[in-house]
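Novice: Given the coordinates of chain E, work out where chains A, F and B should sit on it, guided by the hints.
Listed below, chain by chain, are the residues.
Number of protein chains: 4
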Amino acid sequence: MKASFGKREEALSNSISKSTHKMLANLWEKKDVPEEGWPEHMIERLLSWLASHDTNNRVDSIPIGAGEREGRVASPLVRRLHCNLSHGVGRSGSLDEIQPKAIGSSMLACLANEFALHSLHVAGISTCKAAIVVPLCTGMSLSLCMTSFRKQRPNAKYVVWSRIDQKSCFKSIYHAGFEPIIVDLVREGDALVTDVQSVARILEERDKQIVCVMTTTSCFAPRSPDNLPAIARICAEHGVPHLVNNAYGVQSEHCCRLINEASTSGRLDAFVQSLDKNFQVPVGGAIIAARKQSVINSIAKTYPGRASLVPARDLVLTLLHTGKRGFIQSLEQEKRLFNLVRRKLESFANHIGECVYEVETNEISLAMTLGTIPVEKQTLFGSILFNRGITGARVIPANVKTITLEDCEFQNFGSHTDEKHGGYLNMACGVGMTEVEIDELFNRLPLAYSSFMKELHKDDRCSCNNLQDDDSI
Amino acid sequence: MKASFGKREEALSNSISKSTHKMLANLWEKKDVPEEGWPEHMIERLLSWLASHDTNNRVDSIPIGAGEREGRVASPLVRRLHCNLSHGVGRSGSLDEIQPKAIGSSMLACLANEFALHSLHVAGISTCKAAIVVPLCTGMSLSLCMTSFRKQRPNAKYVVWSRIDQKSCFKSIYHAGFEPIIVDLVREGDALVTDVQSVARILEERDKQIVCVMTTTSCFAPRSPDNLPAIARICAEHGVPHLVNNAYGVQSEHCCRLINEASTSGRLDAFVQSLDKNFQVPVGGAIIAARKQSVINSIAKTYPGRASLVPARDLVLTLLHTGKRGFIQSLEQEKRLFNLVRRKLESFANHIGECVYEVETNEISLAMTLGTIPVEKQTLFGSILFNRGITGARVIPANVKTITLEDCEFQNFGSHTDEKHGGYLNMACGVGMTEVEIDELFNRLPLAYSSFMKELHKDDRCSCNNLQDDDSI
Amino acid sequence: MKASFGKREEALSNSISKSTHKMLANLWEKKDVPEEGWPEHMIERLLSWLASHDTNNRVDSIPIGAGEREGRVASPLVRRLHCNLSHGVGRSGSLDEIQPKAIGSSMLACLANEFALHSLHVAGISTCKAAIVVPLCTGMSLSLCMTSFRKQRPNAKYVVWSRIDQKSCFKSIYHAGFEPIIVDLVREGDALVTDVQSVARILEERDKQIVCVMTTTSCFAPRSPDNLPAIARICAEHGVPHLVNNAYGVQSEHCCRLINEASTSGRLDAFVQSLDKNFQVPVGGAIIAARKQSVINSIAKTYPGRASLVPARDLVLTLLHTGKRGFIQSLEQEKRLFNLVRRKLESFANHIGECVYEVETNEISLAMTLGTIPVEKQTLFGSILFNRGITGARVIPANVKTITLEDCEFQNFGSHTDEKHGGYLNMACGVGMTEVEIDELFNRLPLAYSSFMKELHKDDRCSCNNLQDDDSI
Amino acid sequence: MKASFGKREEALSNSISKSTHKMLANLWEKKDVPEEGWPEHMIERLLSWLASHDTNNRVDSIPIGAGEREGRVASPLVRRLHCNLSHGVGRSGSLDEIQPKAIGSSMLACLANEFALHSLHVAGISTCKAAIVVPLCTGMSLSLCMTSFRKQRPNAKYVVWSRIDQKSCFKSIYHAGFEPIIVDLVREGDALVTDVQSVARILEERDKQIVCVMTTTSCFAPRSPDNLPAIARICAEHGVPHLVNNAYGVQSEHCCRLINEASTSGRLDAFVQSLDKNFQVPVGGAIIAARKQSVINSIAKTYPGRASLVPARDLVLTLLHTGKRGFIQSLEQEKRLFNLVRRKLESFANHIGECVYEVETNEISLAMTLGTIPVEKQTLFGSILFNRGITGARVIPANVKTITLEDCEFQNFGSHTDEKHGGYLNMACGVGMTEVEIDELFNRLPLAYSSFMKELHKDDRCSCNNLQDDDSI
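Just so you know, the protein sequences line up as chains E, A, F and B, in that order. Heads up: the first sequence begins at 22 in my numbering, then just goes up one per residue. Heads up: the second sequence begins at 22 in my numbering, then just goes up one per residue. Heads up: the third sequence begins at 22 in my numbering, then just goes up one per residue. Heads up: the fourth sequence begins at 22 in my numbering, then just goes up one per residue.
Check before you lean on any hint, since a few could be wrong.
You can't tell identical chains apart in this list, so a pair holds if it fits in one copy or across any two.
Listed next, the in silico SDA-like pairs over lysine to any residue satisfying Cα-Cα at most 20 Å (straight line) [said to hold, decoys possible]:
1) Lys322 / Gly114
2) Lys188 / Asn433
3) Lys39 / Trp49
4) Lys188 / Arg112
5) Lys322 / Leu426
6) Lys441 / Arg357
7) Lys345 / His139
8) Lys172 / Glu430
9) Lys172 / Ser113
10) Lys322 / Ser25
11) Lys322 / Glu430
12) Lys188 / Thr425
13) Lys52 / Glu476
14) Lys313 / Ala257
15) Lys43 / Leu33
16) Lys52 / Arg409
17) Lys51 / Ser25
18) Lys345 / Ser38
19) Lys322 / Ala370
20) Lys322 / Gly403
Just so you know, the hints here were simulated from the structure itself, not pulled from any lab data.
Here chain E stands alone, though its shape is the one from the complex (with noise of 0.2 Å):
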């Protein structure tokens, strides 16, 4: 058989491996989503390549560490599961900064910046000109902007910020080491929306005080998007940074398009997403942008140590797996089940004698009335919806609760304002929903929504207990 190989096999052979080595070229020369999704195969290919790069799995020399973080990784099961790449990502001086020890682990991170990039502008923000993926939550990646603010608003304590019921946003100010100046929401319509005067009554104040602006795209209905490109000039006139917290934002046209106006019709330093709400990615990192490359390098300079690769490498690893085409998909479905889900909604609102709020701006959750349940019982709704396998939908009861968070108390929180509600019932179409899901979600919604109320009917004549041993887990 050693025989039989002959010229014709060595000549396919040296082709193959051309080929092969032209896609990888290609892909770090080009540094952008492919068109096409690769097959796994080959995806599993370029993570060997790049880890061959890391000194630690460098096979023409064997290497000696005598140092105290060598990339050594006691289990092998752990070892597999980062695909041999433990060096983590940065240097105690800069996250995007490449550490000789790991040429390769620095450029998977590189190609998950310009993946992201690239993906941003797929997706529609075309003002957008460099990105970071950092190994952080959306919270943690809006204090590190903040951090980086800092430095050139030496006496600022402040952080204005337009209300947004939402914890690690809010705890995100902290963290940072300021403190939010809150600037509640109005309604107009069925909407609640930003009220800019305030914030240009506040910038015109205390300016040299405030750090920055934090406006929110991706939100809860009814809730609506900030009106970024308001606040945006604003921002410009009184020099003051403006930071958009677009968690969710990504995967609505509508958002997109708030950042893109904001950055050209205005000031909007630095905006966040999350990785797992838009790439559908485990949790773990967000992506920081900007309209300028200094600005992401005076972010990534604030981070004080190294990181892990892992939300850096599952982007790039999802990116190659879907390509250009397959994101686009992901996108524009989520688009049209996000009007069926929406019409279906209504549709059933109708039937049982509620609404569904008009937010039009805000293109990925809904809500309904639910004047038909008692408030007392709202919450017990939504723990019965959980029960049934319905994970996301989220019942906000009617019955006020101050909660008290870092000294500020909030009334009603959870809706955005403190203004009095009747209680609803959100919900969501994320990226990754299918039609299937959202059939069975219209069939499981009725049918426990008619039991729930035939139990709260004979809870008139009799005590509820077996109801309340329902509860959420």
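Specialist: Here is chains A, F and B on its own, set in the frame of chain E:
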């Protein structure tokens, strides 16, 4: 064949299912690192068992996601690399909260925290009462601690910092929104030690302005671990928090002893250790530990969001692989091999007319003078070692460079002191190093040195461009 | 965090463990291909559960091997690729015996046999009552059957063989120690069909010398599946075993019907099908099936040793992945796409002045004449198709070559008949083919043909070396 | 970051790609087991490189399958477990032919054959000149050899077989279509040795009727390896092929020496060894080896079809993992540990009044008398050892059972002789056994024996049902 499986096989099968289940249940009940390592297939079984608790892996019901964050993973490869655990750890409220959608992920995070605590006990830090694994580098973890201290000390602006020339530690102060008061070290024999008096004086004078004192244990020679007990007593006296950077100190008996002494005789609020440097896992996580559970809870609540589960998972997988016995062996081996490296380095130094600094309490790092190498060539010597595959060995050249970090000027950055010195070579023996590596290290080091010296003497006669080309990667 | 896990989580965990266990136990009890495919993590759980039954994976006791064959695996990578199942299938006594050291491996083998039987039923072979998965190619499996027939017919020397030009089928006769009596096919319209009369005459004349008659179902057009019912009646009459080569016939309704008819109206002892060709698994296994369990038992006993478990495992994994529904879909799609390929090929043939043979009963393979290509260039055309990435399309050139296999001379080997023909192109539509592929096939085929014809005409004027260089790989 | 990757990194990357490629190219050029084992990531790289040569993994062109066998794999899990290599080995013509569709699979098969040959040389079988890995058990492989001998000896009907009580070896004769002429062993001291005279007489008398003589090397004590050189001389004299069952003899220097001597001083056509028993891979393959390439070619041509690539792959992966050095160590360790087991067993036998048979040339298996256990309880003792987790230890009880295999009657089947004996215990020390296991074995064995004897004596007084319940699994 169907018929041949009888009662005997059925009984065996039942007994096997029971013992497997018992092994998992026991682990979950005790939450201790097992005495002996587990075979890989049992570790994978644990992961599979845990993953089955997350809603998106349920087989008893089909979950319908109606939210914006549903643990969806687009790439099958990414899903596998995460062992189907995609929800991360924590909730927006706190890093240590249970996620109702992800009970399995929450269980794994809980196991990680308990394993972390257990392994610190095993390493000798008996005074430790609570620990949490965070998916953050050491620097970010230190920041997180400072942030959580802020609430107790609302008017504080400064961290008293016993100088250690490592950027991420220094940057962590700024990241948290504070500024350092730098306390220079004092020379004691060869060693650089804590200036306890100065710290005491600062606390007396500025008291309320100080958020905490930060000391460091593990460090490059000739710096010694800080005098934790003395600082702890001063902190107790003034009621100032004391934060310890124990980055890679778990592997040093002396560092562990310092923490115990400080904890019992004074005040030591929290101490931070790197996961990768002590437990041989990929870069990306740290353990924050404390004498009180309440301190850890408060730190966990400070984190603004959900975070990667990967570092927690890696710690659990690694300790299940090594078992308590294997973990102890890795610590004992480090100790034994450190002494071997010390003896070999002393003998080499002796041979070439250099000497090794005496820094008795530093059990991880060594420093050898480089008096025989001209000052302007010292950096080059470091590059040459790297090119010969010796990673982690670091030259600290004698020629003074002033660097500025966050508005602070440092003389001789890298040597932990403004004092002049003659240049030296740092080397460490970290966990995971092997005897074979050390033999090879002391094969290459003399060869590299002697060929370097030969080139150098040629250089006296002619210009030495060829060496310059060889500069570090 | 430890404290936060309460009764609710415990109850959930118990219920999850129960449902997982129930799913596995149900599968083992019923041993049927499940209606719907399983998610991959449940399939891996099954493998892990089975592997835990083999002595070398036991966690309740430490097994001590004191034999020469203990399931030890030196390479961790190999161990993983075998999912910790290393003992193979069978014992020296029989392929279907349970191994006391390897209950889990034995269970998996048993599942494979039951899945094989179930899937044959699903495909329509309702008369089948027993099946066994063997880690042998189709040819070896046919040999194994013949060997097991030998005991009933100690003086037999010959296998009556309805000619099919496929080497492994022919060689299987010699491998089992017999010689063929070749029965040529007869032409019926375009099709080549079984010469039933000749078979009848041979059995009458030589009776006891015949170990069995071997017929074939799936084959390349213009050969038709053999007339199994007629042969079965003749075999029944003379008490001679009837063995059927059903290599890739599971995907053809007609082949399945032939087996059913032959089984009910006459004698059909055993029939063999390839695993890879019908079930989309890697090459290496076959299913031997029969109307009686006793026939299978006798065949299993003939195998002299222990064998690879891999083909059995692959079948189980695949059918768990597709479920019954997915398996049926693959068969239906093959049927639909075959008709599509036929129509497209007829249209193409029409266009270029060729025609497609009418062989109604052949539902997998097609043959198109190559009259427009000079005889001496037909082979070259085949190579060119291969070089254009069209694999599996085969040219049967018109120029007669006589080949000798095991002392038998064959005219026109490849065309199933000594008759002269004008050369033709074979093409098949097997399970797993997709519509996209077919579109691309009928993009490339006309292009390849027309550029081939263009070169050919140039060739009339000059020598055509450039084409010859392009010869097949 | 993009900008920071400069020429230095590019040069490094090129040099790394080159050294990786060189490592693969070197391996393929030399086709030798490397001196040192490879790290797992390089082994996976090799697999990935090979797989990229199969048409269905090509990335430079999209292959279109138009045949019935296109390497399609429905289950992604199965695809991974086969490392994307799905085409198997061989073509219908021969096991050692290159598949044009699957150059990579063919290359791997070729590597396996060369590695097999190389490792036989390393083990000491220097006379071997060709080898082939077959995905068949030892018995099937012996059959395949006999089948290939048939052509040379068309009138032969018998295999002269030096008795070895192992079913698969015996059945292999019938499977190939022959009948055995059984040559009983003769007693020489404790050992059972070949009756050379009888073999000589049979060949003289029946010459042309004999297809081959089959001898065995590795066997259970007190049988000795057959006298291969003597038989080889006789075979040479009469021109009769000589086939050797060397099932697990690669690990025995004596067996290897016998093969060498027989090959040089007489006739030894082919010898067969099990893959799993000598190389610690999962069950499923064997190596057929010979002094001449032509013999192997002829055997390869006999196989009627395409076969699983898995055993070939496993051998390559294993030898790349251990390297030549590791393979030699495994052989040396077996030797050392066998002597340890012998000493421990002798000491135990001595202690309880039994003795170990002296069979000097058997370097793998030992036999200890069981005179102190009543004949009717000997089988029970075997079961008890199994239940205590001692697998592979086998009791050969004294009570004569006559069994019939394929029409032949055997007295005392299992003891290799019709002679009466007093019952004994067989034990083996195979490759892969560890010192820890042996210690534990000789912990358990005395305990099992003494508690068994205690029960037995109770049994004298009362009925002993409890022991009977404990019977083997």
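Novice: When Cα atoms must be at most 20 Å apart, do Lys43 and Leu33 count as within-copy, between-copy, both, or neither?
Specialist: both (15 Å within a copy, 17 Å between copies)
Novice: Within a copy, between copies, both or neither: which one fits Lys345 and Ser38 at a CA-CA cutoff of 20 Å?
Specialist: Classified as neither: same-chain Cα gap 25 Å, cross-chain 28 Å, threshold 20 Å.
Novice: Please sort Lys441 with Arg357 into within, between, both or neither, judging by C-alpha distance up to 20 Å.
Specialist: neither (33 Å within a copy, 61 Å between copies)
Novice: Evaluate Lys313 and Ala257 at a C-alpha cut-off of 20 Å and name the case that applies: within, between, both or neither.
Specialist: within (15 Å within a copy, 47 Å between copies)
Novice: Regarding Lys188 and Arg112, is the shortest C-alpha distance of 20 Å or less found within a copy, between copies, in both, or in neither?
Specialist: Result: close only across copies, 9 Å inter versus 30 Å intra.
Novice: From the Cα coordinates, with 20 Å as the cut-off, is the pair Lys322 and Gly403 best called within, between, both, or neither?
Specialist: neither (44 Å within a copy, 25 Å between copies)
Novice: Could you figure out if Lys322 and Glu430 sit no more than 20 Å apart (CA to CA) within one copy, between two copies, both or neither?
Specialist: For Lys322 and Glu430, the Cα distance is within 20 Å only across copies (17 Å; inside one copy 35 Å).
Novice: Could you figure out if Lys322 and Ala370 sit no more than 20 Å apart (CA to CA) within one copy, between two copies, both or neither?
Specialist: Answer is neither: 51 Å inside a copy and 38 Å across each miss the 20 Å cutoff.
Novice: State whether the alpha carbon distance between Lys322 and Leu426 is at most 20 Å within one copy, between copies, both, or neither.
Specialist: between (30 Å within a copy, 11 Å between copies)
Novice: For Lys52 vs Glu476, is the C-alpha pair at or below 20 Å within one copy, between two copies, both, or neither?
Specialist: For Lys52 and Glu476, the Cα distance exceeds 20 Å both inside one copy (58 Å) and across copies (41 Å).
Novice: First find the shortest C-alpha distance between Lys51 and Ser25 inside one copy, then the shortest across copies, and answer within, between, both or neither for a cut-off of 20 Å.
Specialist: Intra 40 Å, inter 15 Å, cutoff 20 Å: inter-copy only.
Novice: Within, between, both or neither: how does the pair Lys39, Trp49 come out at a Cα-Cα threshold of 20 Å?
Specialist: both (15 Å within a copy, 17 Å between copies)
Hints 6, 13, 16, 18, 19 and 20 from the earlier list are contradicted by this structure; the remaining hints agree with it.
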